[in-house]
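The hints should help you fit chain B onto chain A, whose structure is shown.
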Amino acid sequence: MFYISIPPFDVQLETDIPAVINSINHMYQYALKPVEDTEKFSDFHIRIASPSSIRKYYRPQVQFYIDGKTPFKPLPLSQAFPFFEWGLNWCIASHTYQYLLLHAAVVEKGNQALILPGYPGAGKSTLCAALVSSGWRLLSDEMAVIDTKTLELIPVVRPISLKNESINVISESFSNAEFGESFLDTAKGTVSHMKPPKQSFIQRNQRVQLKWVVFPRYLATQSTLLTEKEKGETLIELAENSFNYNVLGSQGFNVLCDLVASARCYKFEYSCLDEAIDLFQTLANEQ
Amino acid sequence: MRYSLNEGLQYRQVGTQCLVYSNQSRETLLVHSMAFKLIELINDAPQTIESLCEAMANIQAFSVSERQDFIEVTLEKFTDLGIIKCIH
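Protein chains in written order, with our numbering: chain A, 1 to 287; chain B, 1 to 88.
Just chain A, same shape as in the assembly (with noise of 0.2 Å):
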């Protein structure tokens, strides 16, 4: 049984799977619970485990359990870590009102933080790896979580996934990015995450208040390019890339407008991971 603490949530999770168990000792050791801990409440209680049909003797599967209940189809049992993090990301989406929930990563300097939303494929957990792996401090890799009183940004620490391509590029141009095993042949293809800096864990109940909202493109032939987005476009982009905006209704859209009337938001196209650095440090230097 594992305690994970990941501020402002607390999860559970019940496996016998030793790939799972292994995972979870090296990309969340600093967010495990001591013993003495366990008995107080989490929100999530997850199991991870092979469902006990015949199929296990000739090809493997695992399924993901919340509170007893199966939300998803299994998958193949070489998936289990990655299901655990899709399912939690799950599990925070669908079970998440008293914050706003964007689905971007949010990394931090020098106390503020930058939002990078995205569709899937922008090249979001790449900057953001590249960023963290370059000294800026991680707050979430997959979903920006916002306080709607303070507006400020709620770090949820959790290993960056990295898809395809994107895995060699982090790994051979920072020595200092530590990676768990590779999964093939998922529904996002490759896929391998990158375990956060232990700074980022230590500093995980430290919120932040948003700088800058960029959305980032990857493009493999363009140029580094930074371009001031009007902030009405960047709302209404930040709702499509909400959980749970249209749940929310009138205080998100309020917590929306405050949010990014108080940020500056840009769009950003990009290929040179080196180029990208050093513009958002110079961002960061123009505070």
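No lab work stands behind these hints, which were simulated from the structure alone. Even glycine gets a Cβ: it sits at the ideal position worked out from N, Cα and C. Do not rely on the hints blindly, as some may be mistaken.
Among the chain A residues that face chain B by a calculated CB cut under 8 Å, a handful are [stated by the list, open to error]:
| id | residue |
| --- | --- |
| 1 | GLU233 |
| 2 | LEU235 |
| 3 | ILE236 |
| 4 | ALA239 |
| 5 | GLY249 |
| 6 | SER250 |
Which stretches of chain B does chain A cover? Using the computed rule of at least three CB atoms under 8 Å from a CB of chain A, they are [said to hold, decoys possible]:
| id | segment |
| --- | --- |
| 7 | 4-18 |
| 8 | 38-49 |
Quick look at chain B alone, frame taken from chain A:
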């Protein structure tokens, strides 16, 4: 026939752009500044097409027919989107 805002309608100017959120349709819309002006006028008090034409005459260089067309089309769209409602 007069028009009033639907309950729970939210509208804000953010930067240079104007945004409207309808609680009824759950839609968030970017609207033109003149359409936004209509919402502000209707929020002040329920309006008829004639009173809106009159109010907009002070701030727009439209011809009378263009102004009336714009207001009618915008009100029709806003009604469809659940932003405003008719009071008979």
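Hints versus structure:
no.: 1; hint: GLU233; in the structure: holds, 7 Å
no.: 2; hint: LEU235; in the structure: holds, 6 Å
no.: 3; hint: ILE236; in the structure: holds, 6 Å
no.: 4; hint: ALA239; in the structure: holds, 5 Å
no.: 5; hint: GLY249; in the structure: holds, 6 Å
no.: 6; hint: SER250; in the structure: holds, 5 Å
no.: 7; hint: 4-18; in the structure: holds (count 8)
no.: 8; hint: 38-49; in the structure: violated (count 0)
When each numbered hint is compared with the structure, a violation occurs for hint 8 only.
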